[in-house]
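The residues making up each chain are set out below.
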Amino acid sequence: MALDFKASVMWESVPLLLGGVHLTIIITLGGLAIGFLLGTATGLAKTARGKLPRALADIYVEAIRGTPLIVQVMFLYFGVPLATGMRIPPVTAGIIAIAVNSGAYIAEIVRGAVESIDVGQTEAGRSIGLTRMQTMLHVVWPQAFRRMIPPLGNQFIISLKDTSLLVVIGVGELTRQGQEIIAVNFRAFEVWLTVAVMYLVMTLSIARVLRIYERKLNARFGR
Amino acid sequence: MKTCETPMIEIRNLHKRFGQNEVLRGIDLTVCPGEVVVIIGPSGSGKSTALRCINRLEEITSGKVIVDGHDLYDPATDINYVRTEAGMVFQQFNLFPHMCVLDNVTLGPIRVRRTPRAEADRLGLALLEKVGLADKATAYPDQLSGGQKQRVAIARSLAMQPKVLLFDEPTSALDPELVGEVLEVMRALALEGMTMVIVTHEMGFAREVADRVIFIDQGRIQEEGPPDEFFGAPKNPRLREFLGRVRHA
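These protein sequence lines map, in sequence, to chains A and B. For the first sequence, the numbering used here assigns the number 1 to the initial residue and increments by one for each residue that follows. For the second sequence, the numbering used here assigns the number 1 to the initial residue and increments by one for each residue that follows.
Isolated chain B (complex conformation):
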C-alpha cells in the first residue's frame, strides 16, 4: 500500500452492498497528491462503484472515504463543498443539453462559487481553449461529436478547480477514432500534476500515463503496482487471465 504525508484520497475498508449483492468487499486505497492511478478490472468488478464513492455518488455500507482531509460519509461534512474538490467525468458525458458549451462550463463557478459572469466566462473560455474547443463555446452539446463532448465535460470539471479528477470510463462511449483526442487532454492534465483516478479499458494509456495501476475483481483490489511491473509481470492469476483476454480482444 502506498503512503504519503498528506494523502489526497484515503479509502479504508470500503464495503458496498446493493441488496444481497456485495459489490465492494473491503477496498483500501491511498492516492497521493499529483498521482495518477488507473483502475482496471472486468465489468461488474466494482471498479466504477468504488470510483463513484470518492464523490459520494453512492451511499456506502461501511468504511471510510476521506478526500483532502474531509470524511465524505460523515454527516457533518458539507458534501456540496467536498464535491467541488473532486471533479467527475462520466462515461456518458452528462453535459447539460439545454445550455451552450460555455454555460455548461460556467454553471458551477457562477452558481456554486458565485463568480461574476464576466469572470466565469473568461475562465470558461480559457478552459475550452485548453481542451481545444474555444471555437465551440456557443455550440450546444447536440452539435458536438462524442470526443468533443467529453472534452467539454473535462473543462466543466476543471472549472471548479478541483484537487482531484475522477474519470469513469471516459472513452468507453466513444467511436474509436475519437478516443485519442480525449486521452490527449487527460495526458496533458497528468503532466501538469493533476491528481487523477481513472477507470478505463485503455491499457496502452494506463501503461503510459499511470503512476500506479490497480486491478479490482470481485469487489477487492487483487493487485497493484507501477505499470511496468503490473503489465510486465502480473502475479495474480485472475489479472493474468484478464490481461490475456483484453489483449486478444
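With the rest of the complex left out, here is chain A:
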C-alpha cells in the first residue's frame, strides 16, 4: 500500500508540537546549566591533588557512564520516591536526570581540557605569585574553556536528544507530544517526520551558536 502523504497534517501538528519543543528546551537548558556546574566541579576534582575528591569524582562518572540513561530516569522517578517517600514532579525529574547524566560526561571534557594546557602555563602563573586557585581562574581555565567548546557542543546536542527518553516518565516534551498526536490521528509518517525536523532545527541551532561563540573567543586571542 502506497503512503497517502498529507503535508497538511504536518502543518496542523506544528502548534501542538511547539508546546513539546518548549518543554524540551526548558529541560535541556536547565539540565545542561546544572550539568555544566556539576561537570566542572567533578572535572576539577579529578585534577585535584587529594585522593578523596578524585575517588568520589571517579565513582560518580563511572556509575553514570556505565548505566543507560533510561534506567537512570526510571530509577529516579519510580525508584527513589519509594525510598524517600517523596514524589518528584516529572519535569523536575527530567531536569535532574539530564543534569546528572550530562555532568558525568562534561566532567571528562573539563578534565581533558584542563590537563591539555601546558604545565608551563601553571608554572608561569605560580612563579609570579598567583595562588593555585588564581592560576586556575586567570591562566588555565580561560584557555581550557576554549578547547572545551567543540566537545561541549557535542554533549549539548546529545543531551537535547536524550530528553526524548523522558517519554517513559510521561514528560510532555517533543517526542511525547508526537506520540499523543499520533494516538489521535494515526499519521505516524507525517508526525514523526515533523518531530525529527524540529529536533534537527534545535541541534543545528546549538551547533551554529557555539561555532559563532568559538569564533568570537578566538578573535580575542588575536587569531
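Rather than coming from a laboratory, the hints here were simulated on the basis of the structure. If you're wondering where the values come from, they're calculated on a predicted model, not measured in any experiment. Glycine is no exception: its CB is placed at the ideal position from the N, C-alpha and C atoms. One or more of the hints may lead you astray.
To be verified - Going by beta-carbon spacing under 7 angstroms, a handful of chain B positions derived as facing chain A: (1) Val23; (2) Thr77; (3) Asn80; (4) Met88; (5) Gln92.
To be verified - On the chain A side, residues computed to face chain B include the following (Cβ under 8 angstroms): (6) Thr47; (7) Gly50; (8) Pro53; (9) Gly79; (10) Leu82; (11) Ala83; (12) Glu108; (13) Ser116; (14) Gln121; (15) Arg126; (16) Ile128; (17) Thr131; (18) Gln134; (19) Val139; (20) Gln143.
Since the structure of chain A is already known, use the hints to place chain B on it.
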C-alpha cells in the same frame, strides 16, 4: 664557596631524586645581592632542576633553599609570597596566550599585589618600554617573534619587582638572530644590579656578564669561579671536555 653578610640565595646540601634517578646530589650555593651567577653544564646534569628549586617549582628530596631569608621548603613559609621575590624566565617563555602583552605583564601586580589597574598599566608600560616593546602592549603573544616573547616574559617577571631573577635557558628556544636582543635586556638588568641566576649555553655572554660561573655535572657543582679563571684555566677535566665540545659545536 662565596660568602656575604646577607646572602640573597642560600642552597645547602640540596638533593633531588626523580624515582631511582638522583638528579641533584648535594648542591651548595650562595648568591650575594647584586651578583650574576651563570650555571652551565651538559644536558641532564641537573642545572635546570637546581634553578627551579630556587622558586620551588620542584619538590626536593632533602636540603635547604633559602631565598632572602625565607626557607622555601618550610611548610610554614608563604610560598606564594616568596615566589614574588624570585621571578622566573622560562625557556619556552610561557606567556599567557589569551591575554595581550600588557595584561600578561600586569596580571601579577593586579591579582597578587592588588595594584589598581591604572597604576599597574603605568608600571606595565614602563617595563615594556624598558624591554623595547612599548608599541606591542596591545598585541597578543602569537603575534610576536620569539625574542619579543622572551622580552615580554622578562617584563612580566620584573612587574613583581623581584629581588632575584632566575633564567632557565632563556635563549635556547630562539632563532640565532633573535638571541642578541634578549641578552641585551639581560645585560642591562645585570648592570642595574639585579641579582640573577642564569642557566645558559651562551658562553660568550657568561664570560662577559657573569660575576661567577658554575659548572654542574652529574648533580654536583664540579667547578666555580670568576669567568676569566673559569674559562681561561679550567681545572676540572669534565669541564675542560665540556668547554671543548661547546667551542667546537
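So, going through the hints one by one against the coordinates:
The interface hint given for Val23(B) is broken, as the beta carbon of that residue sits about 17 angstroms from the closest beta carbon of chain A, more than 7 angstroms. The beta carbon of Thr77(B) comes no nearer than 13 angstroms to any beta carbon in chain A, farther than 7 angstroms, and the hint placing it at the interface is violated. Given hint, Asn80(B) at the interface with chain A, holds; its Cβ is 5 angstroms from that chain's nearest Cβ, closer than 7 angstroms. With a cut of 7 angstroms, the hint placing Met88(B) at the interface with chain A holds, because the nearest CB-to-CB distance is about 4 angstroms.
Given hint, Gln92(B) at the interface with chain A, holds; its Cβ is 5 angstroms from that chain's nearest Cβ, closer than 7 angstroms. The interface hint given for Thr47(A) is broken, as the beta carbon of that residue sits about 18 angstroms from the closest beta carbon of chain B, more than 8 angstroms. For Gly50(A), the shortest C-beta to C-beta distance to chain B is roughly 16 angstroms, which exceeds 8 angstroms, and the interface hint is violated. For Pro53(A), the suggested interface contact is broken, since its CB lies about 21 angstroms from the closest CB of chain B, more than 8 angstroms.
Contact between Gly79(A) and chain B, as hinted, is not supported at the beta carbon level, the nearest pair being about 45 angstroms apart and thus beyond 8 angstroms. Restraint check, Leu82(A) versus chain B: the minimum CB separation of about 50 angstroms is more than 8 angstroms; hint violated. Evaluation of the Ala83(A) hint against chain B yields a violated restraint, the C-beta minimum of about 45 angstroms exceeding 8 angstroms. The restraint placing Glu108(A) at the interface with chain B is violated, with a minimum CB-CB distance near 23 angstroms, outside the 8 angstroms limit.
Nearest Cβ of chain B to the Cβ of Ser116(A): about 13 angstroms, over the 8 angstroms cut. The hint is violated. This hint holds: Gln121(A) has a C-beta 6 angstroms from the nearest C-beta of chain B, less than the 8 angstroms allowed. Residue-level restraint check for Arg126(A) holds (minimum Cβ-Cβ distance to chain B is 6 angstroms; threshold 8 angstroms). Hint status for Ile128(A) relative to chain B: holds, with the closest Cβ pair at about 4 angstroms, below 8 angstroms.
A least Cβ separation of about 5 angstroms between Thr131(A) and chain B falls short of the 8 angstroms threshold, and the interface hint therefore holds. Because the smallest distance between the Cβ of Gln134(A) and any Cβ of chain B comes to about 5 angstroms, under 8 angstroms, the interface hint for this residue holds. Interface hint status for Val139(A): upheld, as the beta-carbon distance to the closest one in chain B is roughly 6 angstroms, under 8 angstroms. Restraint check, Gln143(A) versus chain B: the minimum CB separation of about 6 angstroms is within 8 angstroms; hint holds.
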